[in-house]
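Peer 1: Chains as they are written, first to last, in my numbering: chain R, 1 to 248; chain A, 1 to 164.
There could be a bad hint or two in this list.
What the hints assert, rightly or not - 20 angstroms max Cα-Cα, derived DMTMM-like pairs, lysine to aspartate or glutamate:
1. Lys52(R) x Asp9(R)
2. Lys124(R) x Asp16(R)
3. Lys124(R) x Glu129(A)
4. Lys243(R) x Glu227(R)
5. Lys29(A) x Glu129(A)
6. Lys108(R) x Asp145(R)
7. Lys124(R) x Glu122(A)
8. Lys29(A) x Glu119(R)
9. Lys159(A) x Glu113(A)
10. Lys159(A) x Glu122(A)
11. Lys52(R) x Glu142(R)
12. Lys7(A) x Glu20(A)
13. Lys52(R) x Glu141(R)
14. Lys124(R) x Glu176(R)
15. Lys108(R) x Glu54(R)
16. Lys124(R) x Glu8(A)
17. Lys124(R) x Glu28(R)
18. Lys124(R) x Glu22(A)
19. Lys97(R) x Glu122(A)
20. Lys140(A) x Glu150(A)
21. Lys29(A) x Asp121(R)
22. Lys29(A) x Asp120(R)
23. Lys52(R) x Asp16(R)
24. Lys108(R) x Asp95(R)
25. Lys124(R) x Glu24(A)
These are computed hints drawn from the structure, not numbers from a lab.
Each chain is listed here by its residues.
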Amino acid sequence: MREIVYWYDSVTSTNDVARELAEAGAEEGTTVVAAEQTAGRGRYARRWHSPKGEGLYHSIILRPSAPPSRAPLLGLIAAVALAETLREDYGVVADIKWPNDVMIGGRKVAGILMELETEDDRVKYVVLGVGVNINQASFPEEIADVATSLRRETGMIYDVERFRHRLFVRLQRWYEAWRAEGEAHVLERYEQLSSYVRGQQVSVLCGERRVRGRSRGLAPTGALLVETEDGRQEAILTGEVTKLEVVS
Amino acid sequence: MNIKELKEIIRLVAEKEFAEFELEQPDFKLRIRRNAPPSLHAVESSAARAVSSSPVAEPMPAPSAPAAPVVETPPPLEDEKVYHIIRSPIVGTFYRAPNPTAGPFVEVGDHVEPGTVLCIIEAMKLMNEITSDIAGEVVKIYVENGQPVEYGQPLFAIKPNTRA
Chain R
1 MREIVYWYDS
11 VTSTNDVARE
21 LAEAGAEEGT
31 TVVAAEQTAG
41 RGRYARRWHS
51 PKGEGLYHSI
61 ILRPSAPPSR
71 APLLGLIAAV
81 ALAETLREDY
91 GVVADIKWPN
101 DVMIGGRKVA
111 GILMELETED
121 DRVKYVVLGV
131 GVNINQASFP
141 EEIADVATSL
151 RRETGMIYDV
161 ERFRHRLFVR
171 LQRWYEAWRA
181 EGEAHVLERY
191 EQLSSYVRGQ
201 QVSVLCGERR
211 VRGRSRGLAP
221 TGALLVETED
231 GRQEAILTGE
241 VTKLEVVS
Chain A
1 MNIKELKEII
11 RLVAEKEFAE
21 FELEQPDFKL
31 RIRRNAPPSL
41 HAVESSAARA
51 VSSSPVAEPM
61 PAPSAPAAPV
71 VETPPPLEDE
81 KVYHIIRSPI
91 VGTFYRAPNP
101 TAGPFVEVGD
111 HVEPGTVLCI
121 IEAMKLMNEI
131 TSDIAGEVVK
141 IYVENGQPVE
151 YGQPLFAIKP
161 NTRA
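Required output: the full structure, derived from the provided sequences and hints.
Peer 2: Right under this line is the structure:
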């Protein structure tokens, strides 16, 4: 995977631009970076707050030769790369909230949204959208309690482009390792970096259904395994995880 | 690969009750898929269970299947003869609208073209927009909004346009 970067001043969403490039045949590793997104989005059309120059807003085109069922793992790979970058290059204690929110002190510092395009039951491409809060000094009231930035955690201002490149290098390493050797190693690393996925009392909201139990690691698909109170094991593919505090 | 080896693979896959099996070699590709996710009752009573209950338990942590109260969707064999069936390419959650406040992408009775977005399947924040690959009319929607779907599960039946 080569690092090919397109910089934009302002776009609706970097995922939209990356999809157009992917449709036009752009090779994997092609990256769309924008100083600002006017319609940055998260899961299910939630807005991603994207003020100019303060965060990293970017999307990377990937073309793994894998069946579509393997594609969700790319989000876990990206979360591992993000958490490692924050820990090892910036010295902050980053955690991964399953599946791929990156947290510092219980607040979200980075989020991922991927879009998959298939063709004849194969992955045609995946657009990996990653937003990282870097230099925001404050957040709008509605997300002030749940969001944080690298600046808020360390009191320093950072070069956004340098962060992007460091993240790309780590992502590239894990992505190539996954393609060469499969998912075992990256899932093991994920478990080391996440306080949520093993031995934690969790509550998972899956649509309108709530699953409570103890997390039991990850399935090879990346699904979160939860052992419920009646002893069943569920493999969860979509859901909002919260930790349950033990009240003594 | 010869016929004998192929038979051996099919036998193994059946015995181990894999939901899906894929093998790829430079010159050939094999994919075996079971029709429906085995329901709990079916598994308990099946003879195949006895065969696979050897000490070498397969370390397959319930592949993909969210043990949700999945609405059993029988394979629409009759529909398949008449309509074009759109199936899910991944295991995930089925969404009929782009966000909770928007209307559905399509309704029964709508006319669609190749490329018309029908729904989104989500798995671990991976969104897969499912588009129609033919022109026609949506005649059935098999899954409720927000429900889990299995690999290959029928989502929509499309009545193809008839050529005049």
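Peer 1: Of the numbered hints stated previously, which ones are contradicted by the structure, given in increasing order?
Peer 2: Of the numbered hints given earlier, those the structure breaks are 5, 10, 16, listed in rising order.
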